[in-house]
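Asks: From first to last, the protein sequence lines are chains A and B. Residue numbers 1 to 110, in my numbering, belong to the letters of the first sequence in order. Residue numbers 1 to 112, in my numbering, belong to the letters of the second sequence in order.
Everything labelled a hint here was simulated from the structure, so no lab data went into it. Just so you know, not all the hints are guaranteed correct.
What the hints assert, rightly or not - With a straight-line Cα cutoff of 16 Å, these simulated EDC-like cross-link-like pairs (lysine to aspartate or glutamate) come out: (1) A:K1 / A:D27; (2) A:K97 / B:E95; (3) A:K1 / B:E95.
Since the structure is predicted, the reported quantities are computational estimates derived from the model, not experimental observations.
Okay, here's what each chain looks like letter by letter:
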Amino acid sequence: KQEVTQIPAALSVPEGENLVLNCSFTDSAIYNLQWFRQDPGKGLTSLLLIQSSQREQTSGRLNASLDKSSGRSTLYIAASQPGDSATYLCAVLNDYKLSFGAGTTVTVRA
Amino acid sequence: SQTIHQWPATLVQPVGSPLSLECTVEGTSNPNLYWYRQAAGRGLQLLFYSVGIGQISSEVPQNLSASRPQDRQFILSSKKLLLSDSGFYLCAWREGYNSPLHFGNGTRLTVT
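Isolated chain A, as found in the complex (with noise of 0.2 Å):
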């Protein structure tokens, strides 16, 4: 069964300060991972998606890596700002389903 784990589970920094955030999978036979954020009393949102054969994609001031083999995933977010205040969440994707992680708060102090 995959595990799906993100530390730490909240984090708070100055605004301007990049923003690492990480999660690590039992399972690498994975097909995706994908991150997503998720906005108090809201559905998630879609951020970035990586395929098993990628290494990073970026969006903007977001860049996420794969390494598949050691069974992990980094989300650098550059200069962040009040607004990216909110939880983020790893998803693996095996077979049809994706094992999310419990996500990440993140607080950006102005």
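Given the coordinates of chain A, assemble chain B onto it according to the supplied hints.
Replies: Chain B alone, transformed into the frame defined by chain A:
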């Protein structure tokens, strides 16, 4: 462009009452459809998924059921709600196996 609609946004139901949550996707055909539940302070739990009309796979053998009566419609049901059914229910879809998963805005269910 594709959009997903999920309703209602909030629901308060007594124990033992039935449940019906609906989700529809526009702008695509034959999507993969999913129902997730997110309990307070916990991760997302996959409840059901469907890769085609009339085809449902269950991950949670509880008092919930799902149906896909039309290609882009996914319904989550229960005949008798339990207190433990309270939570945030999320519908999601994707076009294909390696496509991004997109979520609806969710339904906050409180069973009293």
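Asks: Give a verdict on every hint.
Replies: Each hint, compared with the structure:
For the suggested pair K1 (chain A) and D27 (chain A), the alpha carbons sit about 8 Å apart, so the restraint of at most 16 Å is met. About 14 Å separates the Cα atoms of K97 (chain A) and E95 (chain B), which keeps this hinted pair within 16 Å; it holds. A threshold of 16 Å between alpha carbons decides the hint, and for K1 (chain A) with E95 (chain B) the separation of about 25 Å lies outside it, so the pair is violated.
The structure shown violates just one earlier hint, number 3.
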